[in-house]
Each structure stands twice: as structure tokens, then as C-alpha cells.
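As you go down the protein sequences, you meet chains A and B in turn.
Converting from the first sequence to our numbering requires adding 53 to each position, the first position being numbered 1.
Converting from the second sequence to our numbering requires adding 1328 to each position, the first position being numbered 1.
No false leads were mixed into what you were given.
Covered, in the sense of this in silico footprint (three residues per stretch, anywhere, with C-beta under 8 angstroms from a C-beta of chain B), are these stretches of chain A:
hint: 1; segment: 98-108
hint: 2; segment: 273-283
List time: in silico DSS-like cross-link candidates among lysine-lysine, alpha-carbon distance up to 27 angstroms:
hint: 3; chain 1: B; residue 1: LYS1533; chain 2: A; residue 2: LYS126
hint: 4; chain 1: B; residue 1: LYS1356; chain 2: A; residue 2: LYS57
hint: 5; chain 1: B; residue 1: LYS1356; chain 2: A; residue 2: LYS285
hint: 6; chain 1: B; residue 1: LYS1533; chain 2: A; residue 2: LYS132
hint: 7; chain 1: A; residue 1: LYS132; chain 2: B; residue 2: LYS1530
Just so you know, these hints were derived from the structure itself, not from any lab.
Just so we're clear, the structure is a prediction, and the values are computed from it rather than from any experiment.
The beta carbon of each residue, even a glycine, is placed where N, CA and C say it ideally should be.
These are the residues of each chain, in order.
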Amino acid sequence: MKRKEMCEIISQKEIASDIYELTLKGKWVQEIEAPGQFVHMKVNSGNDPLLRRPISISSFDRSRLECTMIYRKAGRGTKILAAKEEGMMVDILGPLGNGFPIEEVKQGGTALLVGGGIGVPPLYELSKQLAAKGVKVIHVLGFQTASAVFYEQEFLQNGEVYIATVDGTMGKQGFVTDIIDYHQLMFDVLYACGPSQMLKALEQKFPDKKVYLSLEERMGCGIGACFACVCKETNDLKSTEYKKVCSDGPVFRAGEVVL
Amino acid sequence: MSKLNIELPGLKLKNPVMPASGCFGFGKEYSEFYDLSVLGAIMIKATTLEPRFGNSTPRVAETSAGMLNAIGLQNPGLERVMSEELPRLAQFDVPIIANVAGSVEEDYIEVAREISKSPNVHALELNISCPNVKKGGMAFGTNPEVAKQLTKKVKEVSGVPVYVKLSPNVTDIVEMAKAVEAGGADGLTMINTLVGMRLDLKTGKPILANRTGGLSGPAIKPVAIRMIYEVSQAVKLPIIGMGGIESAADVIEYFYAGASAVAVGTANFVDPFVCPTIIEELPVLLEQLGFEHISECTGRSWKQNGSLAYYRA
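This is chain A alone, in the form it adopts within the complex (with noise of 0.2 angstroms):
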């Protein structure tokens, strides 16, 4: 069920370049079903700016009704955001969209978790939950650059991890790709989320793989029914049929709709 709460921030901090890890408290954490979820967030009351911000959920603790969310400073919302600190209020919606399918994958079998910058935050919960089942789980987590780089250590608790830079000034230089075709890594689900450039490239590359992407698309209401968010199905002659990103996704399975 989705709710709308002020939550109260618990804890606020820079842990990257203008990247910001959020934990607030709220009982609507106890509505989220799945990893790759997220909320509709309103950063300020008034006009200014008007629309909710949809942020990924990265983790979450059900009996401590708390839930971390990991973003960019990059427009006027999220300034006003990372502005805020412990104690401050934030109105939630949530949780929203689908989630990653963590049942895909049994026990013993391998997954591969693959992220590109600020996509890298909904795989957190992912990681964990995977790990928790006793899945082998593979990061592999592309950044710009060295200074962009975060929950490296994060990841390592529950699994391998390798990075890539754009710029190699951290792990390799290149692409999350670049980093698969090396290591020649293999698999038996990968989950990915991140760059639309990446999500295709991922597509692309194992056509005859389980691979779950998670879209991004810029959002009205956020819960299904503006039609701001929609994809087109990738089966379809007569191209009327879609999928909204907000409550249909944000997770599909690679080949459903059209990136």
C-alpha cells in the first residue's frame, strides 16, 4: 500500500562528490516489498520547487522503520534537500513501482549486479537481500571518476566488487562492459540499473539471459496516472500498448519494452 508521511531525517552526509546518503524514519518502510522500489519526495513545502523528486530506495530496516536513499545534488530540488539536516522533515510517498525480482535466482546460483553512477544506490538493497539467501552475488559498479565512488566497502560485505572510472582514476579504465568482457564473468541472473546507454549495451550483449533493468524516466503523479513515464512494449504491431515506469517498472526484464 503507498503512503504519504513526513518522515523525519535521521541522518544526512556527503559520502561522494555531490553524492548524498539520506536515512529517514517513516512506518510507511514498512510497506516496501522489494528491493529497487522507490518514493515520490517533497523537499520543501510550497511552490518552489512544485513537483515531487522521485529518489531510489538503497536500504531499509523494517524494525527500525528506517530508510536509507543515496542522490545527486544536481537541480533545485535536490539542493534544497542535501541542505537538510537531522531532525528536519520530508514528505514521503511511497514505496512505489515494482522492484527488482530477487526470486529469480535460487539459492547456490550467481548474480550479477551491475550499476553505472547514481544507479548504483537501489542494488544496495539488492546486495543485501540476495546475500541474506545465500546467492554469490558480482558487483560490477561504474563512476566517472575516482571521486564519484561510493559503498565500495559497502558491497564488499556481500560480495566480489569491481569498479570502473571513465577516467581510470579508480579500478579499471572503461566501462561496467569492459569490465564483464575482462573478468569474462559469468552468471546466472544480472540485475542492472544505471545509464540508458548502459542498459542497452547490457541487452545487447546477453540477449539469452535472465537481465533486469531499471528505467528511469522523468515523472508527474509518480503512481500511474498522468502517463508522463511511459515505454513502449517491445511486441507490439499496432504501438499502443505500454508500460508506465512508475508502477509497472521502474524494474523490467530486458527485451519487454522499448529503452
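Given chain A, work out where chain B should sit, using these hints.
Below, chain B alone, put in the same frame as chain A:
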């Protein structure tokens, strides 16, 4: 004693507040948050004859106190609206206003004729003002003679009263209002969105794939208020006012301008509970302002006689 009940052509409303077309889908998503029966009415998403996919994404972009949208009238088409969406809404005690859209006159007529037969459709909202489609929509909404003819043809086939949704993207909205009144409209809804754009700071290019979009939200309220103020003095039709309403005070301002009911659109995205909240707050505000009934507020900005009550149920 209710302070809020209103009677308009085809619409016996428990209160004058309804979600605006395009901002509420067909009610399914918001029905998860509250009982839709608390609403005065529901203006459902535009229905076209055939299913429409709409425009490429990105379809929305935020602006100061507003947003641009270029959805492109995406909807499942007349058949599915009548077989699935409208029957689902029948479980709620709320009259439906069906927004009818199209690219050519024949399509509008076909949709109007069929959808007005649905038992819970109490009125039609003729969408001649959507700025986000290549054909139809705004084309019908900027030429008074074309708008008048379309209104007349739709009135001939509709089983329920017809409200015409006016576009603000015209030189003379009073002329448009008079034209559709002459065409036989039973009421007006106004305003639709204003045409606008946003350009990306990095690329220099429009953010919306459609390039232009419709501006909605609090930013457009002053434009709507002025237009309703003028139109309500020029025509005898009841007006459902909309454009950036987010509070009970906004509702009263629309009534003062000349509205007899209101629709709330963009504000639903910000607060899913905005409609029931406004409905709860209105009687309190009316009491503070000294009104027995909301209908006393209609046209207060220009009416000479202060205590005339119009459209009181």
C-alpha cells in the same frame, strides 16, 4: 445544511470540486488513497475513438510554480473506456464528466454519441483545446466558427449536457466563449493549459520531446482568473474553473471570478489528497468569510447585487 451542493446542467453535485481531466487517469490510482465518492465529480482522461499512444518522452518538465506536459492524449480508446474504465468507476457515488477528444469532427461525434450513453456519464467535456496533438485539439479551439460548428454537432448526438473546454491560447477568449454558447453548449470549462517550452542548459535543446507543452499549475492561475472574470460577464453559461488550484482559498477566488464549480489538476501530483482536503476546508473558509453557501460567491468580483445565489442545489 450543506454549504457546498451545486446543481449544474446534468450535474447534481454534493460539492463543486472535481479532479481535472488528464490529472487523474480514470480514477484507479487515486482510489487507492481515498474513497472517490467524496468528490463532487470526476473529469476522466480524454477519450478518443481509437487508442492513442501519445507523444515520445520526455513528456513533462517542471517550471516555476508549474509544469509543462506534452502527454499527447494517450488513452485506451472509446471501446476500452466504455467496457472497462467507466464500469469500474460506477462503484463510486460520483458523477463522471467524460472528456471527449479527436482530430476530426467525425471522431468527436462518434465518441460523444457513444460515451454519453454510459450510465455514470452525466456530462461531456469537449476537448477542443489540447495543445499537444498535431491535428484537432487546439485547431478546433482557436477558430470560433469551427468551435461553434463542432459544439452544435456534438450537442446533436450527445445524450448528456455538453461543456466546452476553452483554450487560453487565443487572442479573444470571450469571442470563443460566445461562439460555443451560440453552438448550444450547456456550460464551459476553463482554462486548458498555456503553450510553453523549456530548454536544457547543457544541450540548448527543448527538454520535451514534443518541444512545446502545456503549462499548468499555480503559475497560470492569474491568467485563468482574468479569463473567467471576462467570460462570465459575457455569456450566460455556468463555468467550471481550473488552473493551478491548490487550496480552498483558490477555489473561492475562482468562484469570485465567475465559476460555479472548479477542477483541480496538477495539485494532485503534489498531494494525492488535495481534493478531499479542499472539500473539507471549504465549509470552514466559507464560514469565516460570512457565506451561507458557496454559490453566493459566484461572480462576486463583478456582480452588483451581493447576495444572489446561483446554481444552488
